[in-house]
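Asks: Read off the chains here:
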Amino acid sequence: MKKAVIGTLFCVLGGIAGCAHNPPQELIEARQTYQSVSNGPAAVVAPAELHKASESLVAAERAYQDDPDAQRTRDLAYIAQRKALIAQAIANREMESRRKAENERYYESKQGEMIQRVKGDLNQTKARLAQSEQGRREEAFRHSTALNQERQARADAEQKAAEADKRSKEMLEALDKMAQVKEEERGTVITLSGSVLFVTNEATLLPNAQVRLNQVAEALLSTPDRDVLVEGHTDSRGTESYNLDLSRRRAEAVRAYLVSRGYAAEHIRAEGIGKARPIAPNSSADGRANNRRVEIIIQPKAKSEPR
Amino acid sequence: MRSRTSNIGLLSAALAALALSVACSSNPKPPTEQLAATTASERAATEVGATEVPQAALHLQLAKEQTEHAQLLIKKGENTRAQSMLERAQADAELALAMARAEQERAAAQGALDKVHELQKSN
Chain A
1498 MKKAVIGTLF CVLGGIAGCA HNPPQELIEA RQTYQSVSNG PAAVVAPAEL
1548 HKASESLVAA ERAYQDDPDA QRTRDLAYIA QRKALIAQAI ANREMESRRK
1598 AENERYYESK QGEMIQRVKG DLNQTKARLA QSEQGRREEA FRHSTALNQE
1648 RQARADAEQK AAEADKRSKE MLEALDKMAQ VKEEERGTVI TLSGSVLFVT
1698 NEATLLPNAQ VRLNQVAEAL LSTPDRDVLV EGHTDSRGTE SYNLDLSRRR
1748 AEAVRAYLVS RGYAAEHIRA EGIGKARPIA PNSSADGRAN NRRVEIIIQP
1798 KAKSEPR
Chain B
992 MRSRTSNIGL LSAALAALAL SVACSSNPKP PTEQLAATTA SERAATEVGA
1042 TEVPQAALHL QLAKEQTEHA QLLIKKGENT RAQSMLERAQ ADAELALAMA
1092 RAEQERAAAQ GALDKVHELQ KSN
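Chains as they are written, first to last, in the numbering used here: chain A, 1498 to 1804; chain B, 992 to 1114.
The shape of chain B in the complex, shown without the other chains (with noise of 0.2 Å):
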C-alpha cells in the first residue's frame, strides 16, 4: 500500500512536469531576433559615443540592464515577458543613440559659431 502510494506519487510528479513541460513548449520561442535587433540598437548607440553623452549615457544604461533582465527571462523560459522587456531595451538604445545625434550635431554647430566668433575677434 505504501509502495503504491508512493507510486502515485511518482506519477502525479511525473504528470506535473509533463504539465509544465507542456505549459513551456506553448510559450513563444525564445525572442532571439529582437534580442538581436536590441543588442544592435546599442551597438550602434555606443558607437556614436552615447557613453560620452550623460542623457544618453542614462538611457543606454537603461537598454543593457533591461536586456540583462530579458536574457534572465529568457532563461526562465518567460520568453514573452522577455520579448516586451527587449522591446523596452530598444527603444532606450534608440533613444540614447538619437541623444548622442543631436548633441554631436550640438558640438558641430557650437564649433561653427565659434569660429565666426574667432573670424569676428580677428577683424
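Next comes chain A alone, as it looks inside the complex (with noise of 0.2 Å):
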C-alpha cells in the first residue's frame, strides 16, 4: 500500500519530467541519439530531417505517457532514434557533399592555375622561337641581300668589261684607219710614219699630226689604265748619238701631246731607240722613210707595271 503511494507521487513528480514509471530502454536511447544529433550539423544542414526526429520522438514520449509499458510505445522510441540517425545520415551526406565541392572548386583553380602557367611557359618558348626565327630570318635576308649584292656587282663587272672590251676593238678599228696597227707580244703596236708626224730632222709636231694623235689620244682614252710606251725610231742615216736623242725627242714629244690630251703621265713612258730596230731595209728610200717612225705600244694589261 505504502509504495503504491510512493509510486503514485513519483508519477505526478514525473508528470511534469513526462514519466511515471523507467522510461523503457528504446525511449532512452532516442532521447540520447536525439540530444546529440540536434547538437551537430544536422540542425544547420538537414533541419527538415531533424525536424521529423523531433516529431517522432515527441510522438513516443506522448505514447509513453499515455501507456508507458506499451510495445507501440516501444515501437515509436525506436523509430524516433532510427528518425534522428537518418537526420545525422543525411547531415553527414550533405557535409561530405560540401567537403567534395571544396575540394572539385580547389581542383578546378588549381588545374586553372596550371593551365595559366602552363600556358605561360607556351607562349614564352613561342616567343623565343619566334625571335630565334625572326633572327633566323633576318639572317637569311642579310645573307641573300650580300648574296644579291655579289651578283650585282659581278654583273656590272662583267658588263663593264664587255664595255671595256667593246671600246678596246672599237679603238682598234678606228686606229686602223689611220695607222698601221699590230698585235704583238709586247702589245698593241701603232705605228705613225715619221714623216706624216715631224718636220725632216726636227722634233716639233706637225699641225697634220696633231690631228692624227688626236684620234689616238681618243682610242688610248677608252682604255686609260693600259701602260703606254712611246718609242722613237730613225733610219741608219747619221750618227748613233744623233739618231738616239732625236728618236727619244720625237718620242717625248709625242707622249708630251698624250699627257696634254688627258692620258694619265705615270701611265706613258717614251724611248728614244734610234736606228737599233729596223723594220725595212735602209738601202732603199721607202726602206728608210719606213724606219723613220713612232711606235705607240698599248702594253698588255697583266704586263702592265705595277704603279
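If you are wondering where the hints come from, they were derived from the structure by calculation, not from laboratory data.
Where hints are given, some of them may not hold.
[Stated by the list, open to error] Below, simulated DSS-like cross-link-like pairs (lysine-lysine); rule was C-alpha separation at most 25 Å, straight line:
1) K1055/B <-> K1067/B
2) K1020/B <-> K1066/B
3) K1597/A <-> K1112/B
4) K1112/B <-> K1616/A
5) K1666/A <-> K1679/A
6) K1067/B <-> K1616/A
7) K1597/A <-> K1607/A
8) K1106/B <-> K1066/B
9) K1657/A <-> K1798/A
10) K1663/A <-> K1798/A
11) K1055/B <-> K1549/A
12) K1055/B <-> K1066/B
13) K1663/A <-> K1679/A
14) K1607/A <-> K1112/B
15) K1607/A <-> K1106/B
16) K1020/B <-> K1597/A
17) K1067/B <-> K1020/B
18) K1798/A <-> K1666/A
19) K1679/A <-> K1798/A
20) K1623/A <-> K1607/A
Join these two chains into a complex; the hints should help.
Replies: Put into C-alpha cells, the structure is as follows:
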C-alpha cells in the first residue's frame, strides 16, 4: 500500500518530466541520440530531417505518457531513434557533398593556375622560337642581300668588262683606219710614219700630226689604265748619238702631246731607240721612210708594270 | 445425458470459435500498404549499395528481419503489431539508405581530394 502511494507520488512528480515509470531502453536511446544529433551539424544542414526526428520523438514521449509499458511506445521510441540517426546520416551526406564541392573547386582553381602557367610557359617558348626564327630570317635576308650585292657586282663587272672589250675593239678599229696597228707579244703596236708627224730632223709635231695624234689619244683614253710606251725610231743615216737623241725627243714630243690630251702621265713612257730596230731595209728610200717612225705600244694589261 | 453434455461441449466450442473469429475480424486489416512501403524502402537501400556499407548493411538486415517477423504476425492475424513492426523496419531501411548515400558522398569527396593531391604531386 505504501509502495503504491510512493509510486503514485512519483507519477505525479514525474508527470512534469514526462515519466511515470522507468522509461523503456528504446526511449532512453531515442532521447540520447536525438540530443546528440541536434547538437551536431544536422541542425544547420538538415533541419527538415531533424524536425521529423523531433516530431517522432514527441510522438514516442506522448505514447510513453499514455501507456509507459506498451509495446507501441517502445516501437515509437525505436522509430524516433532511427529518425534521429537518419537526420544524422543526411547531415553527414550534406557535409561530404560540401567537402567534395570544395575539393573540386580547389582542384579546378589549381588546374586553372596550372593551365595558365603552362600557357605562360608555352607563350614564352613561342616568343623565344619566334625570336630565333626572326633572327634566322634576318640572317637569311642579310645573306641573300649580300649574295644579291655580290651577284650585282659581278654582273656590273662583267658588263664593264664587256664594255671595255667593246671600247678596245672600237679603238683598234679606229686606229686601223689611220695607222698601222699590229698585235704583238709586247702589246698593241700603233706605228705612225715619222714624215707624217715631224719636219725632217726636227722633233716638233706638224699641225697635221696633231689631228692624227688626237685620234690616237681618243682611242687610248678609252683604256686609260693601260701602260703605254712611246718609242722613237730612225733610219740608219747619221750618227748613233744623233739618231738616239732625235728619236728620244720625238718620242718625248708624242708622249707630251698625249699627256696634254688627258692620258695619265704615269701610265705613259717615252724611249729613244735610234736606228737599232729597223722594220725595213735602209738601202732604199722607201725602206728608210718606213724606218723613220714612232711606235705607240699599248702594253697588255697583265704585263703592265705596277705603279 | 452423456450426449447432451457432449452437445453442450460442442456448442461451447463452436461459440468459442465464433468468439475468436469475431475477435480476429475486430483487428484492423492486414497492413499491406505498410508492407509495400517497407519493402520498397529496403529495395531502395539495396540499390544504392547499402549491403556494401557495414553500418547500412546492419540496419538493412534489421529491417529485413523485422519485415519477416511482421509477415509472421500478419499470418497470425496480429495486424496491429505487424503494422508497428513494419514501421520499425521501414525506419531501419530508410536509415540504411541514408547511410549508404552518405558513404557514397564521402567516397566521392575523398576521390576529389585524391585528385587534388595527385595534381599537387604532379606539380
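Asks: Return the numbers of the hints above that this structure violates; sort them in rising order.
Replies: Of the numbered hints, 6, 8 and 16 do not hold.
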